[in-house]
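Student: Residue numbers (this note's numbering), protein chains in the order written: chain A, 1469 to 1558; chain B, 40 to 261.
There may be inaccurate statements among the hints.
[As the list claims (entries may be wrong)] Label pairs and their calculated CB-CB ranges: (1) 1517(A) - 94(B): 44 to 54 Å; (2) 1487(A) - 162(B): 22 to 32 Å; (3) 243(B) - 1511(A): 15 to 25 Å; (4) 1530(A) - 236(B): 17 to 27 Å; (5) 1544(A) - 94(B): 15 to 25 Å; (6) 64(B) - 1496(A): 16 to 26 Å.
[Unchecked claim] Reference excerpt, derived from the structure (chain B facing chain A, CB under 10 Å, subset only): (7) 106; (8) 150; (9) 157; (10) 206.
Think of the hints as simulated: they come from the structure by calculation, not from any bench.
C-beta: ideal position from N, C-alpha, C; glycine also.
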Amino acid sequence: MNGPHRELTPEAALRLTLAAEPWLSCDDCFEQIDEYVERVLADQHMGMPAMHAHLAGCGACGEEGRSLLLLVAEDEGIDPGPGLRRLAAG
Amino acid sequence: MAALDGPELADADPLRMAGLREDWVELLSSPGPGHEDALARLHALLLRAARHQVAQMLAQTPAIGEVRREELIQQAADEAVVSVLGKLSSFEGRSQFTTWAYKFGILHAAVEVRRTLWRHREVPLEFLPEPAAVGSSPEQLAEAADFSHAVGIAIDQVLTAHQRRVVLALLVDDVPIDVLADRLGTTRNALYKTLHDARGRLRAHLTSAGYLAPVNTKGVNP
């Protein structure tokens, strides 16, 4: 590129340099998201670091994962708050 | 297709629903007693998931009228039914069937909302000024601005033209990944790979320039 660089917000700069490791594709995330959400709600999600990394690094998959967690929590009649916090914290 | 909606599903006999969970795959896989009922219940589940997803995106959807919103929900549920039936053999029981099925309804609804919202919008692939940052202390603001400036320069120096276009559209201009995939004739998967590789290049460059710690696997500490 020959043009001047863009001025970025600090938030955009952090999103651009997020270490979303280990690698996981969107397709593989979709394959596992149902199991992962149930594990997060049960606080038994350790051992799936790639899922956490992907949901943090991919806005669309992250949005859909949060939504699935809310829906399942509603079905099970449980407070989604702790699950949402675990989803964000990994 | 019959359309049982959320409240009707919620009113169903819990014991009957629990039993049905066990039999979902069998009932949906072959014609016979219970097949039509299972199909109707699957559609109801996916309508619920699609409606839930659209409600989650409500802040983004006032621009979509009520009639179009309902069409979108019905369309997403119908498409999700087709996806679920096509993938039935891949269900391995690692989650409840309902959780597994819900994800298809959520995906189809989310993608359709994003596409609808951007249908008549240009996808900005040019270089536009960013809004000014809002921040906390003067020191933090200065540090963040310095890091942001370094990231901006690194984008120009180490990324390919394609990587620049993708990361700026996705992470600076907030173009949804599905919308960008449509416009560029590619897939969500391929764009996320491009984003992942670009992040790696930026991190390596900024690490060597001293902006990031050499070993940092948990995040970014500018």
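Student: Evaluate each hint against the coordinates.
Tutor: Structure-based check of each hint:
Between residue 1517(A) and residue 94(B) the beta carbons are some 31 Å apart, a value that contradicts the proposed interval 44 to 54 Å. The given range of 22 to 32 Å is respected by residue 1487(A) and residue 162(B), whose C-beta atoms sit roughly 27 Å from each other. Evaluation of the 15 to 25 Å hint for residue 243(B) and residue 1511(A) yields a failure: the beta carbon distance comes to about 35 Å. At roughly 19 Å, the beta-carbon separation of residue 1530(A) and residue 236(B) lies within the given 17 to 27 Å, and the hint holds.
Taken as a hint, the range 15 to 25 Å holds for the pair residue 1544(A) and residue 94(B), whose Cβ atoms sit roughly 18 Å apart. Restraint check, residue 64(B) to residue 1496(A): a C-beta distance of roughly 22 Å satisfies the suggested window 16 to 26 Å. Proximity of residue 106(B) to chain A is violated relative to the hint, the smallest CB-CB distance being about 23 Å (cut-off 10 Å). Hint status for residue 150(B): holds, given a least beta-carbon distance of 8 Å to chain A, under 10 Å.
Restraint check, residue 157(B) versus chain A: the minimum CB separation of about 13 Å is more than 10 Å; hint violated. This hint holds: residue 206(B) has a C-beta 6 Å from the nearest C-beta of chain A, less than the 10 Å allowed.
Figure legend: structure checked against the earlier numbered hints; hints not met, in rising order: 1, 3, 7, 9.
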